[in-house]
Structures are given as C-alpha cells and as structure tokens.
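*Asks:* Fit chain L to the known structure of chain P by using the hints.
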Amino acid sequence: MNVLGTLGSASLVTALATSIFAVAASVYGHKHGHGMLIRAGRRAIVVTALFSTCATAALVTALLTDDFSLAYVASVSSSDMAPYMKWAALYSSQAGSLLFWVWTMSLFMAMFVVLTVPRISWGAAHATASCGVLLAAFLAALVFLASPFELSSFDLNDGVGLNPLLVDRGMLVHPPALLTGLTSTSIPFVLGAAALLSGRIDGAWIRASRQWALLSWLILSVGNILGAWWAYTVLGWGGYWGWDPVENSALLPLFPLTAYLHSMMVQERRGMLKLWNVSLVLATFSLAVFGTFNVRSGLVASVHSFAQSDVGPYFLLLLALTLGASLVLLAWRSPRLRADHDFDSLLSRETGLILNNYVLITIALVVLGGTLFPVFSELLRGNRITVGPPFYNDVVGPLLIGLVWLIGVGTVLPWRRTSNVTLARRFRGPLVVLMCSVIVLAILGLRDPFAIMGVLGALFVFYITLREFILSARWSRRVTGRNWIGVIVELFTRDRRRYGGYLVHLGVALMAISIVGSNIYQIHERRTVAVGESFDVGRYTIEYVGLSERDGNSNGVESEVIASLDLRVNDQVVASLSPGQRFFRNFPDQPMAVVAVETRLLEDVYVFMQGWDDAGAVEFQAFINPLMLWLWIGASVYTAGGLIAFAPQNSMGTVRREVLTGDLVRGS
Amino acid sequence: MRVTLIAAMLFFMALVAFGLIAALYGRGAPEQDLEAQALQIEKQLLCPQCTNKRLDVCELQICKDMRALIRDRLAVGSSPDDIILFFSNRYGDSVRADLQASGFNLFLFAWVGCSLFLTAGVAGWMLLRLRRSAVPQPFDSLTGVDEQWLDSQIGKEVSE
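Protein sequence lines correspond, in order, to chains P and L. For the first sequence, this note's numbering begins at 1 and goes up steadily by one. For the second sequence, this note's numbering begins at 1001 and goes up steadily by one.
Bound-form chain L, shown alone:
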C-alpha cells in the first residue's frame, strides 16, 4: 500500500515535471517565414466590421487590405506586437482577438480568480458542513395517492 502511494506520487511528480519541461520547450518556437508570421498575426486580430470573425478567414475588402498591410509592415521589419498595436489604435481594442491582461481587462481576470476561489470556498464549506451532525427532516405522512403508488411499485418488485 505504501509502495503504491509512493509510486503514485512519483508518477504525478514526473508528469508535472514533464509538462513543465514540455511547456518550456514549446515556448522556443522555430523562426517562421514571413507568410507564417503574417498568418499568426492575422489570427490575433478580428474583422472590424464582422462580429467575432478572425481576420485570416474574413472575405471583406477591409480585411484583405489589413492582411496586405500586415505583410508590408513585416517586410519593413515591424514586430508583430507593433502591428497589432497599430490596428488596435486605428480600429479600437475590439479588433484584438486576445484579451490584454491590463487596465480595465484586469476586472475580468479578477472575476476568473474570484470564481475559482468562491466556488472552491462553497465546495469546501459544503464538505465541512456535511461532516457535522445532520438534522433528519420530519417526514410528512404519505397521502393516499403516494401510498397507492408506493404499493404498486413494491408489488411490481415482489412479483419480479
């Protein structure tokens, strides 16, 4: 039993370590060509006119123009962050597909944190409360309809 528990602990520690190493490894993405870089930037932007439609898949002329502009700016050496900032300044933050964790947006992340901890608190409170002695509820006597239903169910059970 102890051996099993130790093995389980070691396994999960190895899993976590593996995950961390893989995450760190994954961050060092290989250098992409211009077209691949442009596509990555497009996926971080939304069409200014459509609702929630990514720039890379929108067929409107304004999106075609934006995609051409991205390539022009990449060709002259602009960074992806600068390009995204450019469009954000021009069309507003609603063109950013990714939510920036700054300013007013921090309220949403605070909401996420509160949700995690609030519901954890509720779950923990439920678990603790249910470990105290419970109070059995007084059981009202059955009505005639309930008695008949119960008898019919028991009768079926017996006959099976």
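Here chain P stands alone, though its shape is the one from the complex:
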C-alpha cells in the first residue's frame, strides 16, 4: 500500500464529503431557521480546506521524497531535480495543478467564511452553500477524473522529469500567482450569487466584496505580469506577450474584474449599475472557469496547455452550469436591480466609468473571440488557423490606447455634475501639456500614429494624476503645515483607495510607454558569425568571443552550450553576455534557449543563440527593446498602488474624507 497515495486520496474524498455537507447544512439550516446548522456549514468549509491541505501536503511529500510509485510523480519529477523544482512540479501538469487550484480555492473560502460570512447575516447561508457547491464541483473532478494519487503501472526507479520549458525559477512564482488569482475570483462570485439568492441587492454585498475583489485583481495582475516576465526571460523570442490562447485565458477575467472595481464606486455612491456590477463578478469567475477548461481540455494548442484528458468535457459542463446559473439568477432578480438615482449629467465621472467599462468589456469580447476562433474554424471547416499577435495588436492595441486616455479623462471628471466653466478650467492645463508634448514628440522623431497616441495618452495620465497628488498635498500642507513628503504619505494613509488607485494609473501609464517603445521601435538582427567577428545592432556592437560546453548538474539538464559575447558601445566593452542552449537528458529533441539580457535605463539588449555549425560559426538573434525596464518599473508601481488600495480602511471615514478633501480641493 502506498501510504502517501492512500492518505492523499482519502483526504480528497473526505474533502468532497465535507463540502457536500456544507451545502446541505447551509440550505437546510436556512430553510428551517437552524443557526447552528448554518454555522456547521461554515465550519465544514474550513474542514474542507484542511483536508485539501492534507492532500496537497501528501503530494508534495511524494515529490520531495521521489515516490515514483505514484504515476503523477513519475511523470513530472526525477531524482536529480532540485527540491525547489520538485515543489514546482506540484502544479506543472494536469492533476497536480487541479489539486493546487482546489487547495487555493478552499483556503480562500475558509478565510472568507471565517472573516466575512459572519458579518453578512443576510446571506451567510447562501454564501456558504455557494462555496460548498464550487468546492464539491472541483473536488469531484479530482476524485473521479484526474486524481494525482493514481499508482504507476510499472515499478520505476526514476521519473521523466519536468518539461524543459518549465525548468526555471519562474515556475516558483508565475503559476502559483496565476492559479491563486483565478481561484480567488470565486469569492466575489459567491458574494454576488449570495446577493441574488438572498435578494439583498443593495450596497451590502458590494461593501463585503470590495476587499476580496481587490485582492483577486491584485494577485491576477501579478500573475499575468510574472507570466510576461517569464516569457521574456525564458522562452527566447524577444518579446513578453505572444497572445497565446492560454495567456489570453489568464488575462480575460482581469477585464471584467477591473471594470467591476471601477463601476462598484458608482453603486456605492449613487446606487446605480446594480445589474451591471453583479453581472461583472459572475462573468469574471465564469471566465476563470473558461480558462481552466481551455488549459485542461486540449481545446487549444498552446505552450501552456495540458494534453487532452477526460476532464475537458467535465469542465465544459461546469462552465455551462456556471453560465446558466448566473443567467437564471440575473433574470430572476433583474426587476429588483433598478437604480436608486438617475444621471445628473452626461459630463460626469459616472459616464467616464461607464465608458471605461465599455472599453474593457469590448477588449474582453475581442480577445475571447480571437481565442476561440481557431477552434470554430477547425470544427466547421476542418482547418485550424492561427490568430496571432498581428490581429491583437491591430484591434486590441487602439482599444488599449483609448483606455489609457479614458483613465485621464475619468480622473478629471467630477461626480454627478459640474459647470462648463469648471470643466474647461480642469482640462485647460492638460491640453496645454498635450500640445507641447506633440511638438516634443515630433522633434524626437516619433512618426507612428499609434506610438504618438499611446505616448500622449500616457503623458495625459501622468499630468492628471500628478496634479491630483500635488493639489491635495498642497491643500493639506496649508492646513497642517507639514512638509511635502509628510503630506504625501498622509494622503496614502488617509485615503488608500483613492491614492492607491492613482498610483495604479501611474503604473499603467509607465507600462503603456514601455509597450509602445518595445513593440513599435524594436530593432532585430540575426547574424551568423565566427569567433572574433562582430555585428551591429542599433548603436551596439556585439563581438563573438567563443563557445564553451559544460555539463548539467540537476533538473534533468544533460549539458549546456554557452557563447561568450562582448557588448560594445564606441569600441568600449560595456557588458558581457552569455546566451546559450540547454539540453535535457529525457527530452533530447527539446533544447531550451538560455537568453542573455543586458538591461539599461532606456533599452534592453536581448540576445539568444539559434544554433551553430561544425566550423564553430554561431547564429545569434539580437534585439534592442526600447524602454523595456519601464515595463517592470510600471508593473511595480501598479502593484504597489494595488497593495496600498487593498490595505483596509474605515469605509465611512473614506467617504467623508473624499467629500471634504477631493471636492474641496477642486473647488466644485
């Protein structure tokens, strides 16, 4: 008997049982007014999380102890892998990643039922039951269709090892962040469902969901950013986002979730957009389920997807049930989802936020269409086509530029209404800045219209956002007499949500400039050179010094061939680069590129080795990616802003201070 396998399987079955108990206890307790049963249901969710943790621990132990009697361990691990890669192997394939999904979702739900559910008496039973249903649905897939605790058919002394694409330290952060972000979208979904089921569709569920939605958005954003970073540093094609179908699936939930974080403010302040907001949270989790279906079904071919398996049809059914249940609930409660107020003026922040939502949802629909179109093409015509980056760049690119502009416009517009004079005064400064910027950009040599619009939009956001900080800080200085740093810190302390949000906008503007620079103005050279020869790329000269081979020592690496390059500017060596190729013992036909990146303030020099001949001549691909560093800086600012906005604050104080400080400063 395999102890770990038995322990893991038993834990999963028990977790499934407790999740079903949670549903039954909550439903029965609510129907018959038994508070004790409702509380028992909440505890059952916590117990489900405990048993999921137990199952995960069993699999991790099996990986770390090289228990190749388990088929999953034998398929993703090997004895020469470093311990941290064995941990990463947990979520590297179908069954393990599904277990990781269930584990993180159960942890979130356990925290939710402990921290939030006791405070939402109006929907405690509904929320607990919804948690139980979701957990049971995913646990059923684990128990019956894709168990990671199945025994190997043969006695194996060693495993196959990790797929070469996954042998990188990035595996420690990117998949966990992304999977955790996707599972965390279940909490706002559960709250939305509880609101619809209970009929309590006022601001109560919005208040309860705000922190959870923000947390989910933050983790999902970080997961996607880490994915871009990994693609850039590991996959070796010179870019960071390939519009891969599974990349798209991870990105899709972020659009309605971002839209929700903005439009919820309208419901909080004005009691409007109730139907829209609850639709957004339901759509977010539905897209997360779609994403997991995409990865696990073999529906789309991708470097990220798992092989076709039995869980595909099951997740399609799950997706259909999620969508169906959402639509039924919405239709049932739609008569009660009427706005409490109407619009005072079309020139208001409410309109700006609706337009922001419009663009985000349009982008989501376009990306969804592009992701699924190859599937439909193959189904209907028997001919699979590729929807690649050119389509997305041409269609989504302008929409993203429009979104950046809307960030600036929306920040300037006040709530409810304002006079034309005030509006003109608010836009006067930005218009002057934009006119000057156009002249500067023309002098700098920018000709591409998309580049110009993208950079102008980012500059617009910079100006507007920094102006908000300066005006608020200046007023605060006048009142308190503190220095600039003190008042700016106080801004973040006093109103984390607003100023954290502004910081996120600054991060977006930085990333926008970087994306424009690195996409439109990338320089690409490919050269075959012998030892001692050099070639030019941009203002740099790359000299090929020599080639060396070294043995691999762990993680299934058999050997590495590394080239030595000198990077020169005006004949001065400014850096050394070491691109190469890595060969794997169990995957001889799948060498991995070792990318060399020299990061500088205004550009990256990115080199990888394509191959070499018997004479020792090597083919290199070299890229100059302008402003690449600013993508990561912008991402850091974006993340910092999200963390600040997430930090809890007294919500009543926030509203009062927003009225006093923000509107007073603007003189409206």
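In case anyone wonders, no lab produced these hints; they're calculated from the structure. Any given hint could be a false lead.
With a cut-off of at most 20 Å between alpha-carbon atoms, the simulated EDC-like pairs for lysine to aspartate or glutamate come out as follows [said to hold, decoys possible]:
1. L/K1043 to P/D614
2. L/K1043 to L/D1065
3. L/K1064 to P/E558
4. L/K1043 to P/E525
Only some residues are given here: those of chain P computed to face chain L with a beta carbon under 7 Å [said to hold, decoys possible]:
5. F21
6. D244
7. R333
8. I354
9. L365
10. T386
11. V387
12. P390
13. Q610
14. L629
C-beta atoms are modelled at their ideal positions from N, C-alpha and C, and glycine is treated no differently.
*Replies:* Chain L alone, transformed into the frame defined by chain P:
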C-alpha cells in the same frame, strides 16, 4: 470658455490630421535589403510544428529550411505575398501569423465589429435608462448584527 472650447477643438483636429499624415507618411517605407525583407517575411509566418512561435525565432530544422527557402525565392524575384502564399499552400493557413481578412475569417472581424457596437449599445442604453426616474428600492430593516456593526463604525468615527 468659448475660446477654450474652440482651442480644444482645433487642437484635436490638428492631432487627428497629424496622425493621418504620419500614417500616410509611414506607409511609404524605404526599400529594404534582401536580409531585411526576408526577416519581415519570417515575422509574418509561424513554425508549422510549434505553437504560435514565429518563424524568425524558431530553432527547429524545418524553420531553418523555410528561412533558407525564403532567401532563395527573394533572390529570384518572388514577392513577399507569393512566398507567404507558397508556405500557406504547403502547410496550411495556420502558418500565417497575420489573419487574412477574407472568407471564413470575416466572421472574426464581424465579431469584433459586433463587440464594438453591442457594448456601445449596452453602454448607451445604460446611460439613457439611468436618466429616467429611478425607483428607490425598499430598504429592509437592519438585523441585530448589522445594527451593532453600524453602531461600532459610527462610534469609531465620532471618537476620531
């Protein structure tokens, strides 16, 4: 106020005009050498075996052979479109990185158009609907737990 609005309108018209001129200017790209032309063609093709990997960055032998073939055909005077068509006929449309706006693919572009207009319609409907008189929702009386929470929040606010 009127002056500001007129200035703003003129500025945006100038911006649009500038953008159009820049776009037209940008279309007349200077003639490239053979290697640069080949690289441009490679960027419009994908590896027939890998998933979504551009031909110019793929290290497989089949891609090396395809790149050599591109240079051979350019050298004898084939146009980029002919070369791309050649590979498309040989390996299928999945090797094209760029989606052709013709035939069945028009459904995807129609989807894009519908997305733009459908969501615009929804946004417009929301704006119009919200301009009519709203119906205030009946507010259920607070439960004991809600009352206590509210009191504690108000108490904190007062003490601050």
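*Asks:* Classify the hint on P/D244 as holds or violated, based on whether any CB of chain L lies nearer than 7 Å to its CB.
*Replies:* Given a least distance of 5 Å, the restraint on P/D244 holds.
*Asks:* Given the hint that L/K1043 pairs with P/D614, does the C-alpha gap stay at or below 20 Å?
*Replies:* Not satisfied, since the Cα-Cα distance of roughly 28 Å exceeds 20 Å.
*Asks:* Holds or violated: L/K1064 and P/E558, Cα atoms, limit 20 Å.
*Replies:* 24 Å, violated
*Asks:* Per the CB criterion, is P/L629 less than 7 Å away from chain L?
*Replies:* Hint on P/L629: violated, closest Cβ of chain L at ~22 Å, above 7 Å.
*Asks:* Is the hint on P/Q610 kept, meaning its closest Cβ partner in chain L is under 7 Å away?
*Replies:* 5 Å, holds
*Asks:* Using 7 Å as the Cβ threshold, decide whether P/L365 counts as touching chain L.
*Replies:* This interface hint holds because 4 Å falls under the 7 Å limit.
*Asks:* Does P/T386 hold up as a contact with chain L if the rule is Cβ-Cβ below 7 Å?
*Replies:* 5 Å, holds
*Asks:* Double-check P/P390 for me: the hint is only fine if its C-beta lies closer than 7 Å to a C-beta in chain L.
*Replies:* 4 Å, holds
*Asks:* Would the hint linking L/K1043 and P/E525 be met if the CA-CA limit is 20 Å?
*Replies:* 12 Å, holds
*Asks:* Classify the hint on P/I354 as holds or violated, based on whether any CB of chain L lies nearer than 7 Å to its CB.
*Replies:* 5 Å, holds
*Asks:* Identify whether the interface hint at P/R333 stands, where standing means a beta carbon of chain L within less than 7 Å of its own.
*Replies:* At about 11 Å, which exceeds the 7 Å cut-off, the nearest Cβ of chain L leaves the hint on P/R333 violated.
*Asks:* Using 7 Å as the Cβ threshold, decide whether P/F21 counts as touching chain L.
*Replies:* 24 Å, violated
Against the hints set out earlier in the document, violations occur for numbers 1, 3, 5, 7 and 14.
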